[in-house]
Amino acid sequence: MSRFLSLLAWLAVALLGAGALGAVALRRGEPVNGVFFVVGAGCTYLVAYRFYSAFLAARVLSLDATRATPAERLDDGRDFVPTNRWVVLGHHFAAIAGPGPLVGPTLAAQFGYLPGTLWLVAGAVLGGCVQDFVILFFSLRRDGRSLGQMARDEVGRRAGFLAMVSVLAIMVILLAVIGLVVVNALKHSPWGAFTLAMTIPIAMVMGVYMRYWRPGRVLEASAIGFVLILLAVVAGQWVSHSPEWARVFTLTGPALAVAVIVYGFAASALPVWLLLAPRDYLSAFIKVGVVLALAAGIILVRPTIHMPALTRFVDGTGPVFAGGVFPFCFITIACGAVSGFHALISSGTTPKLLTRESDARLVGYGSMLMESFVGVMAMVAACALEPGVYFAINSPAGIVGATAEQAATTISAWGFPLDPSTMHALARSVGEETLLNRTGGAPSLAVGMAHIFSGTIGGERLLGIWYHFAIMFEALFILTVLDAGTRVGRFMVQELLGRVFPRISRTGTWTSTLVTSGIIVGAWGYFLYQGVLDPLGGINSLWPLFGISNQILASVALVVATTILIKMGKMRYLWVTLVPTAWLVTVTLTGSWQKMFHEDPRIGFLAQASALEQQIAEGRVPEAKVGDTRHVIFNNRLDAGVTGFFAALILALLVEAVLEWYRILTRRRAALLTESPYVRTKWAEGSP
Amino acid sequence: MTARLRSALRTLWRRLREWSGDAAYETYIARADAGTPLSREAFYLDGLRRRYHSGQPDRCC
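Order-wise, the sequence lines are chains A and B.
Counted from 1, the first sequence has number 396 at position 396 by the numbering used here; the numbering is strictly sequential.
Counted from 1, the second sequence has number 27 at position 27 by the numbering used here; the numbering is strictly sequential.
One chain only, chain A, in its complex shape (with noise of 0.2 Å):
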């Protein structure tokens, strides 16, 4: 009886899902709510959760309770902790929730709101929740190894180069387009910038008070910092009505990427006590807590979403980024549904705390749904701004014009009707001067955010203060995976160099400190500055790069964990992972070849690069602008090659794991798994 009723509800679960996304996919004509979206998402989450990660388990992984994990085994009371699984969850969507799930779903909305929230739920429930419980598995059975690890051990020493290398590239891609995000938020914005630059101070407050006055007291620290963070927004708005302090935190884009690239340096070199990790706990505070009043603020707002449910931009020639929807939605919207970058936190720390395998399940599937959940929030308040509001703010001045007259004109030409009056007054209403060209997503996102908070606490009165809270909170943590990122990835450059120049890779030392942090921070500051000059807005060619990275690392995840599927005989279940990978692999192919070769300047970069020589030998670029010319051509073709780089990393992965693949199918090598012996859990007949 009790199983009929289970089912009946889950039945009623599943057709409230199937309404909802139904009213979403097919009404025309007449405006949708946003409730909508979270109840079709919702419940599609709950169903795939109770059924599909219940099939991964059973059938696919065969999860075994009895079985110890590395928590338990090598339990050392720091890095492995048996930990409730609750706290586990919390952790790891801490750690994988960044500025991606935000930023993508708002630029795809240009796409409309359709393509983009049902890819988020589609690519989240079919592949970015098996890719990260899969993975995490993969790993709590080798004692927590990292993805490059099990990629060298299970399908080759070269596949786990090219993994190294792999995330090495997507790293700095990564830092650049993120610094953009924050550069395009923050310019001409001295209440946005005074804001931020006090988080610097703040966080040191912290550090200092977590190292001498009261260590380790993480609640206390960040309690203060929070305060601190939340009077530094509000004396903003001083600074910005202050004509001598408001000139001093006016920055130009360049100035802002400048000291973006010095603030990264200084991150990655001093202490991580001082700055990273109080920057890192005030983030994960405020992320999760925004997370949640968002939440909130969409059921008690209920807003109206404006936007159309596919826009004429499909055909490829949007404003906000260039390319068609197929495949330049998937590759947008990035780590809403699928994460290559999550595998990596899989394979991490994560592991090491989980008491049991079973709750591998909530926490490696259950946090990409909550992570896909950010997704479909960030596109609701994307879609409920006007589309003409929406297209003024994300469109580069190269496309729409640098005056609210010229946007609206052009904007109102694409049959998104747009009065200049209105920019001029929602830029005021949150005190900023302007609201044009802002590219980058997050202030269209701060904007939707703000009307949405406003409409729970404040009303119009507090909408800037609103939106320069919603802009510091994607900052925070936007500067808080710039720092942590820098730090990462100079250690990996230590260790590639060090295989050449053994003493760099002595990561005490203060010379190969500077030197490898000059190196990384090099790397991604020059393609953040050249993001900046670029005529078109940076965005446009950065986020398509960095959308290529990391669904070509989650091709990877996806590739190691097949291989190692057939080595545990589960031929039966290869679609799991095959599907997905199958899928991604065409999305960034395509991906790819359209950026280097598509015949439209403003998709394929080598075209690009030709039609600027082409208007330098007609004497169509005034002289004292063909030296920055030269610049925009070197850089397109520098990133057609990092395009193709891209592409031949997955490929040479590709075909590594399917010779790997033939190989054991036909018995020419044996099927063996790195698989820590098995030891019976302690905890198997009841709870600890």
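Calculated from the structure, these hints are not laboratory results.
These numbers were taken from a predicted model, which means no experiment stands behind them.
The C-beta atom is built at its ideal place from N, Cα and C for all residues, glycine as well.
All clues given are correct.
Distance ranges between label pairs, derived from CB positions:
| no. | chain 1 | residue 1 | chain 2 | residue 2 | range |
| --- | --- | --- | --- | --- | --- |
| 1 | B | Ser54 | A | Ala266 | 20 to 28 Å |
| 2 | A | Glu220 | B | Ser39 | 15 to 23 Å |
| 3 | B | His53 | A | Leu672 | 30 to 38 Å |
| 4 | A | Ser6 | B | Arg14 | 26 to 34 Å |
With chain A held as given, fit chain B onto it using these hints.
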């Protein structure tokens, strides 16, 4: 009812401390082998070194 609520709040607080790392030292002391355990300050610095010098990303995009 009040007792149940109090117990739930206590559990929530304990989990929050575990999640944030605030309770890490107590966990370590409870598990430390016989001998001289690290001081709170040394443990905190050792934890940071392990976390940020591993060469493994612990924050995602």
